[in-house]
Amino acid sequence: MKKASILMIIGAALILGLFAFPMWNIQLGAPQYPEPLGIDIYINGLKGQSEFDLQNIDGLNHYIGMKTLPKPEDMWEFTVFPMVTIAMSLLGIIIGLVAIFRNASPNWFLFWFLLMSLFGVLGIYDFSQWLVDYGTDLDPNAIMKLVNPDGSPMQYNPPLFGHKKLLNFDAYSYPKVGGILLWLGMMCTLVAFWLGRKSSRNKAQ
Amino acid sequence: MKNFKIGAAVCVSLMIGACGNQGNSDANSSKGALNSNIAEKVYIAPGERDEQYAFLSGGYSGNLTVYGLPSGRMFKEIPVFSQFPTSGYGYSEETKPMLNTSFGFIPWDDLHHPDISQTNGELDGRWIFVNGNNTPRIARISLSTFETEEIIEIPNSAGNHSSSFITENTEYVVAGTRFSVPVPQRDMPINEYKSNFKGALTFIDVEPEHGHMDIKFQLLMPGFNYDLSRPGRDKSHGWFFFSTYNTEEASSLLEVNASQNDKDFIAAVNWQKIEEFVNNGGGTMMPAQYAHNVYDESTHTATSDMMEDVLTVDPSEVPGAIYLLPTPKSPHGCDVDPTGQYIIGSGKLSADITVHSFDKMLAAIDGEQFDGEAYGIPILKFEEVMAGVVKSGGLGPLHTEFDGKGNAYTTFFISSEVVKWELGSWEVVDRQPTYYSVGHLMIPGGNSRKPHGKYLVAMNKITKDRYLPTGPEMEHSAQVYDISGEKMQLLYDFPTHGEPHYAAGCDADLLVNNSKKIYRLDENKHPYAISNPSDARVERDGNEVHIYMSTIRSHFTPDNIEGIKVGDKVYFHITNHEQDFDVPHGFSIIGQGTSEILVMPGQTKTSLWEPKRVGVWPFYCTDFCSALHQEMQGYVRVSPADSNLELSWSLGE
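Chains E and C, in that order, give the protein sequences. Position one of the first sequence corresponds to residue 1 (my numbering), numbered consecutively onward. Position one of the second sequence corresponds to residue 1001 (my numbering), numbered consecutively onward.
Just so you know, these hints were derived from the structure itself, not from any lab. One or more of the hints may lead you astray.
Said to hold, decoys possible - Some but not every residue of chain C turned toward chain E, in silico, with C-beta under 8 Å:
| id | residue |
| --- | --- |
| 1 | Met1306 |
| 2 | Arg1553 |
| 3 | Gln1579 |
| 4 | Asp1580 |
| 5 | Ala1627 |
| 6 | Leu1628 |
What the hints assert, rightly or not - As a list, the in silico BS3-like pairs of lysine-lysine whose alpha-carbon atoms are at most 25 Å apart:
| id | chain 1 | residue 1 | chain 2 | residue 2 |
| --- | --- | --- | --- | --- |
| 7 | E | Lys47 | C | Lys1516 |
| 8 | C | Lys1076 | C | Lys1041 |
| 9 | E | Lys47 | C | Lys1517 |
| 10 | E | Lys47 | E | Lys164 |
| 11 | E | Lys67 | E | Lys47 |
| 12 | C | Lys1461 | C | Lys1405 |
Just so it is clear, CB atoms sit at the ideal spot from N, CA and C, and this is done for glycine as well.
Let the hints inform the model, and build the full structure from the sequences given.
Have a look at this one:
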């Protein structure tokens, strides 16, 4: 059980990696951008993959009437998500410590995992909503108003995951180190639950 | 049945195989196996990049050109001594001071000898130095921006030809005069040249951090013609060698009168000894006027200072610092091998190449093996300093480079060839024709302790039938040879720009990662820069109007300006707000008396416009910057000189 609890603490601590590393990355490559422009999505804001990428993406997007990329203060998510992450990490660590010293049930580990998963799903849903909004809420006076073959206005939301062709750009959207640490941390807690349950069953026998 | 099928399949595949072989041998027989092999060596597939950089002097274009090796593709022309309308160099207000001299604004020169900065005798890729031959100047070019950063004029010099060669830690860049002149200049009969004219050899100190140049001292030598020079390196570091001709000191019909002496000299100068002498207060300050122009990357602006005096040294003041090495037949090239042991003098009217030994020279000095003196400078005995003679079989040797593997390569102007020979044995190893009348040659790193002996570029003076004809005037031809094997192999033939004299080259790796992509807007300290379009404005000061303008794809801010009057001097200060690689914007306006200006991302440049007529005049971006480049335009309303219209400006109203 002690092993499981330590794993629980490690897992809960790993999600703090979101503060050091970007969780997601969107890259935009084109013939004239052999070195793709890239957005690193951090828990508390956006950053260019290279120093001036955000500015250059905004510069290009103004042609098709997209809004500029949000600053941290423009989106509540960049304030709330960090708080949720810290709270969840603390909660997980406390659960792990209680499990070591007070012999809490490993079901708490599962509870934490499920709660974190719920936040994760909500987060991804929110992210996808933002992508759609960002790619479709276009300035009616845009310089270039492009339409699909069926006459509907063209949308520019990058893919939630994987590759999508946006005019001359190839957009790629994948998790980055922070996101992978989040996933690893959550997996740790799931394994902790499994280990903990096994050891408490053994004891019961 | 099954077996038969397999058999048939094997048969078919054999036939295909045979066909393939047939095809290959056809290709070989039509072009020759050797040719297809050569094509592979110079072929840089689309998207691939060259192995080496080559910086070819532009000669009378006044500029430096950047090429790739082995492809011979030209990447850039760097403006140095000439006005360059392509970028606005020498036309923009910021760069006009670069071309200032004691003779005023001189928008042209004759650029001859590039040399890349070195540390411990190896190329370090910080700067490249070049000389202006006509109005003597030395320029320093940054190898991170590939722009000219500094130009210093050389006083008391004329025909700045034995320049701009650097010592092996870039302590000095050296500039020697080809034409001797009265020093100081004065009104005197030309035929009193002999013993009255002087040849100035100038040692310019290079400040290690920023490369800023400052004349340390000028050695006032006898009135010979100082043709070319090379630093000693490794064991001979601390010495500098200058070839001379016209030791006859003729002032007229030099082709005859300067070819009378059987031997001229290579002057060996112990600059460390002279440096010590001047550091201890030696030398004489002489009034002299010369310009020192420095371009500041943070203000994007050049300033020109007029210097007032120069420290001169008379050779007689520093005994034991200068010796003359007799060298047959008006030597031109004066090249030092990578070990610093051999000094190669190419007597241009000769068939042979004379090689002096540094060790023998030191021994001869020690043993006082003198054969008289010239104006107090000891002449060493020829036999005591000579290491060997290369019996080349060619005619008119000019310049020698090295491959770092014990071989030397000498160009022969008259017999149009490059001859490879071995140092020490003086035996000829190979010879290859050039097309035609080759001058300099260049092996990347050839003028250092560590040549990168893979390619050799021969730069020719005569083109004739090499390319499709373009009337009487043609670009000069150059040839690339593969010198990695025992025999040289001619790979490629390409036209150059202007008249390349010497060139310098290095491995691409030395420069690619330092090459700047943009200038940072947040580091722009130009006094008329604006970092935000909201700061764009127009200000009047008498009849001077300053327009603080910014550009970003695809508009100028502001793009409508009113209140300008006939007779105004209108300064367009344009800051390019892009921070994206390779997105310059240009600016030009109808009736502009200068050239366009091309403004790099983060940079500010200024164009002066003096409107002469009432009207509404358009300006536009000259660089196809974006899909809406054609829309990147604006108007200036010009009112009569006595108009009371207030200045106003706007964008998108």
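Which numbered conditions among the earlier hints are violated in the structure presented, ordered from lowest to highest?
Hints 1 and 12 are the ones this structure does not satisfy, whereas the remaining hints hold.
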